[in-house]
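There are 2 protein chains.
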Amino acid sequence: MIQTDKLYDEYTANMRKYMDVEASIAILSWDKEVHMPPDGNAFRTQQIATLSGIAHEIATSERFGEVLEQLDSDRAALNEEARKNIQLSRKDYERTAKFSHDFVMRRAVACSNAYHTWLKAREANDFSVFKEALEEVVKIKREEAEIVDYTGHAYDALLDEYEADFTAEMLDTLFADVKAKLVDFVREIRAKQQVDDSFLVQHFPKQAQWDYSIDILKKIGYNFKAGRQDWSPHPFTTTFSPQDVRVTTRVSEDNFTSLLWSSIHEGGHALYEQGLRHQAYGLPSGRYASLGIHESQSRLWENNVGRSLPFWKAQYTELQQHFPKQLAGVSVEQFYKGINKVESSFIRTESDELHYHFHVLIRYELEKALLEGNLQVADLEAAWNDKYKAYLDLEVQHPNQGILQDVHWSYGSIGYFPTYSLGSFYAAQFYHQATKDIAALETQITKGDSSKLLTWLQENIHQYGRLYSATELCERTTGEALNFDYFYQYAVQKYSDIYGL
Amino acid sequence: MIQTDKLYDEYTANMRKYMDVEASIAILSWDKEVHMPPDGNAFRTQQIATLSGIAHEIATSERFGEVLEQLDSDRAALNEEARKNIQLSRKDYERTAKFSHDFVMRRAVACSNAYHTWLKAREANDFSVFKEALEEVVKIKREEAEIVDYTGHAYDALLDEYEADFTAEMLDTLFADVKAKLVDFVREIRAKQQVDDSFLVQHFPKQAQWDYSIDILKKIGYNFKAGRQDWSPHPFTTTFSPQDVRVTTRVSEDNFTSLLWSSIHEGGHALYEQGLRHQAYGLPSGRYASLGIHESQSRLWENNVGRSLPFWKAQYTELQQHFPKQLAGVSVEQFYKGINKVESSFIRTESDELHYHFHVLIRYELEKALLEGNLQVADLEAAWNDKYKAYLDLEVQHPNQGILQDVHWSYGSIGYFPTYSLGSFYAAQFYHQATKDIAALETQITKGDSSKLLTWLQENIHQYGRLYSATELCERTTGEALNFDYFYQYAVQKYSDIYGL
Chain A
1 MIQTDKLYDE YTANMRKYMD VEASIAILSW DKEVHMPPDG NAFRTQQIAT
51 LSGIAHEIAT SERFGEVLEQ LDSDRAALNE EARKNIQLSR KDYERTAKFS
101 HDFVMRRAVA CSNAYHTWLK AREANDFSVF KEALEEVVKI KREEAEIVDY
151 TGHAYDALLD EYEADFTAEM LDTLFADVKA KLVDFVREIR AKQQVDDSFL
201 VQHFPKQAQW DYSIDILKKI GYNFKAGRQD WSPHPFTTTF SPQDVRVTTR
251 VSEDNFTSLL WSSIHEGGHA LYEQGLRHQA YGLPSGRYAS LGIHESQSRL
301 WENNVGRSLP FWKAQYTELQ QHFPKQLAGV SVEQFYKGIN KVESSFIRTE
351 SDELHYHFHV LIRYELEKAL LEGNLQVADL EAAWNDKYKA YLDLEVQHPN
401 QGILQDVHWS YGSIGYFPTY SLGSFYAAQF YHQATKDIAA LETQITKGDS
451 SKLLTWLQEN IHQYGRLYSA TELCERTTGE ALNFDYFYQY AVQKYSDIYG
501 L
Chain B
1 MIQTDKLYDE YTANMRKYMD VEASIAILSW DKEVHMPPDG NAFRTQQIAT
51 LSGIAHEIAT SERFGEVLEQ LDSDRAALNE EARKNIQLSR KDYERTAKFS
101 HDFVMRRAVA CSNAYHTWLK AREANDFSVF KEALEEVVKI KREEAEIVDY
151 TGHAYDALLD EYEADFTAEM LDTLFADVKA KLVDFVREIR AKQQVDDSFL
201 VQHFPKQAQW DYSIDILKKI GYNFKAGRQD WSPHPFTTTF SPQDVRVTTR
251 VSEDNFTSLL WSSIHEGGHA LYEQGLRHQA YGLPSGRYAS LGIHESQSRL
301 WENNVGRSLP FWKAQYTELQ QHFPKQLAGV SVEQFYKGIN KVESSFIRTE
351 SDELHYHFHV LIRYELEKAL LEGNLQVADL EAAWNDKYKA YLDLEVQHPN
401 QGILQDVHWS YGSIGYFPTY SLGSFYAAQF YHQATKDIAA LETQITKGDS
451 SKLLTWLQEN IHQYGRLYSA TELCERTTGE ALNFDYFYQY AVQKYSDIYG
501 L
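Residue numbers (our numbering), protein chains in the order written: chain A, 1 to 501; chain B, 1 to 501.
Incorrect hints may appear among the rest.
[Unchecked claim] Partner residues aside, some chain A positions facing chain B, computed with beta carbon under 10 angstroms:
(1) Lys17
(2) Ala42
(3) Tyr281
[Claimed, not checked] Computed spacing ranges between beta-carbons, pair by pair:
(4) Asn41/A <-> Arg63/B: 30 to 38 angstroms
(5) Lys98/B <-> Lys452/A: 56 to 64 angstroms
(6) Thr96/B <-> Ser345/A: 56 to 64 angstroms
(7) Arg75/B <-> Glu94/A: 40 to 48 angstroms
No lab work stands behind these hints: they were computed from the structure. Glycine included, C-beta positions come from ideal geometry on N, C-alpha and C.
Go ahead and model the full structure; you've got the sequences and the hints to work with.
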């Protein structure tokens, strides 16, 4: 028993050491995006690579493997949380230890190279610049899938890292449902008269937008004593510890929505990270459950709260005070309709809540085909453009508007996109449950108080970290596994109202 | 031969890995001072400690010791730079490897604890709060000196880390000379009518001061593509690589000099770091020669350039444009005299160029007595106050104005202060040589061009890193070892002119 306690302490120390190095990588990367002077790039890239190598050593040391194995066989002597931590860490260890140092380095080089090439391709607005580097990434991700091994589809081996409860087969079923329901629904909306959102495209001064975004982060409960917001070209959330969770945002002075949605979205991610238990730092019980669950937290605040009429009934007067000239003649109902305009568009991150899932679906289908070998990178741009025509009725004019728009593949993040849709669907299901569990939730939100919702999320989701898987969390919280109907019902109700269906 | 090359590559790789981790620590520490939200402190402290432990492991691994030993015995096969690198790294290895992991951790805990206690003591303005923690630091630094070992004074063992060419005996001789010459000279100045510097104490708006400090950094040659300036409570320079060297500054809206001198001073440090050879990153040949040499670079820009009449003849019109109201009736000569006012004062960092060395001397004498055991921490405050009376004719009124003013001892930096004086003296000697080597240097500076001076410093000092020791650099550059007379002559000429002696 005492021996087990000592071993568990050794396990904890190694996990925290690993997390300290991972957090350091996050700090170096945050600084790289937010503050680093231009010439600093080469050495910084090397420093991040060195820390990554060290983290890999810590995570895969032989001794650590023995500790995990011993603790797993002594699991009867562990409490429930400890037992779960060991089980999850063993799974992680087994996955990570499969990768040789050589493979990890080759993958790092392929991705780093692809990222830089992607930047160049973006600059040239030319997919052919990126093609070869992307081929390397696809090759190495296929190799990764083989190393990890799988029973069903190669995609499962990659998806497992991001969303362990799902397989390609399950996603196929889910997306078939999404298609069946959303294609027709969007068609119905298109037949109706379009709402007006022209007031969003005016001059909104940078500083006033920034001030407003700080206000709104405070309002949703983001703790600035344990975080901060900065500018960056691509908004992101990053965690150095549950007591230092940072968000970034970007601004377009001609369009208010860019900053607004990125701040609330990243704020939602950050609330999750700030809600993880401090004592569990470094352990599975102190980490997020899955990317889909993470995304559910950002989407819930961005969409279910941030694009709702109750929310703006509370916030709109203050928003008008920040932008008196710009929003003078716009009523809260007009504003609400405008921010919920449904319209087919090229860029995923600027999409409305419905078309969004076609963007994801396209990427998912292409990724699968690439992994299967049924699609070559050489034919990827054409395939992309065909699908944008088929699903979104759009003719892609140039690659920056199409195949080159997302950074993910260049990072080697293949198998990642579906978690964005899962996030929206989980969000709808959680929010539906919250309105049942919290008396008069929407009335509170109409009064500007979302604190009970945050508490509900902390109690049902955040505090558990990875102790429950995505599906377990969903079942415990809502009584059933992920069910697309919650999103669909939410969408039907919301857009029927807005578009008068 | 090929075997030696391979070993040297292994050596280089380990040194770079070590430097990558050290740079990461610097980034985490910079962020801690500059950006970190308040609640982030506990985890950040732990993350820095973890990286420090990893760095120590890299620097002291058995294999690395073997590599160094082998390369040292094969030194005939190495080129001169490589030979020097190995020699210095072996010295570092031997020093560092003497410390057990247990000792390193105990020292880290003692210093971390002392730093936090010092902050509390500052807040309470009460030395007794700090006393016990400082006793621990003194104890562990005495232990450190014993571990390192020494032949002369215990002080030598600590000084060796900062200024390897000096010993306590040499410092005693030097400071005796300083006392003999400066005490009388300062007395002469005091007998004269005081210059007016009241115009420096007015309202100078923060943003205007910031803008001016950016201008002045650019003017002395600081490269903003390889660095940036931020605010912090205590100004410092930090190096993440020779291509990312950052400075911080602070502002007092009631006093222009706080920002001005800290920006130029830190800028001088940064020019040195930006001038180190990129290819030598991580190696002794890519690191600064000694703390005294580092300080010589900041002091040269701050004092020999930044407090000179030629410099302000070039810069003053622009300064007046930044602060038209504040400096309207002040001539450049008045400004020059005001910024060079000589006056006994309590705070080292706000001291004039002459009294400064009494502040250092006091700390040096106290440190030595503490290490000898001739002074107990319990009696330190009284001893401090006595010395301020004796050397500076000041009655310390409260500890924040006296014994609690400097952070250094709480960090465990005992043996460090003398390098500040050495820096001033080296600066005077280098600057004297520069005026001989560069035709019409002061005329160029009067025209606003200090670029030849920077080139001279890069060629004579920066590019060599640690390849030459402080004394070797000084001899190569000026033809002799450090000679206090250069500083003394500089001071006599400058202040005789200002005070009409």
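Hint by hint, here is what the structure shows:
1. Lys17: holds, 5 angstroms
2. Ala42: holds, 7 angstroms
3. Tyr281: Holds, because the Cβ-Cβ distance from tyrosine 281/A to chain B comes to roughly 7 angstroms (cut-off 10 angstroms).
4. Asn41/A <-> Arg63/B: 30 to 38 angstroms: holds, 31 angstroms
5. Lys98/B <-> Lys452/A: 56 to 64 angstroms: Holds, since lysine 98/B and lysine 452/A (Cβ atoms, about 59 angstroms apart) stay within the stated range.
6. Thr96/B <-> Ser345/A: 56 to 64 angstroms: holds, 59 angstroms
7. Arg75/B <-> Glu94/A: 40 to 48 angstroms: holds, 47 angstroms
Of the hints listed earlier, there is not a single one the structure fails to meet.
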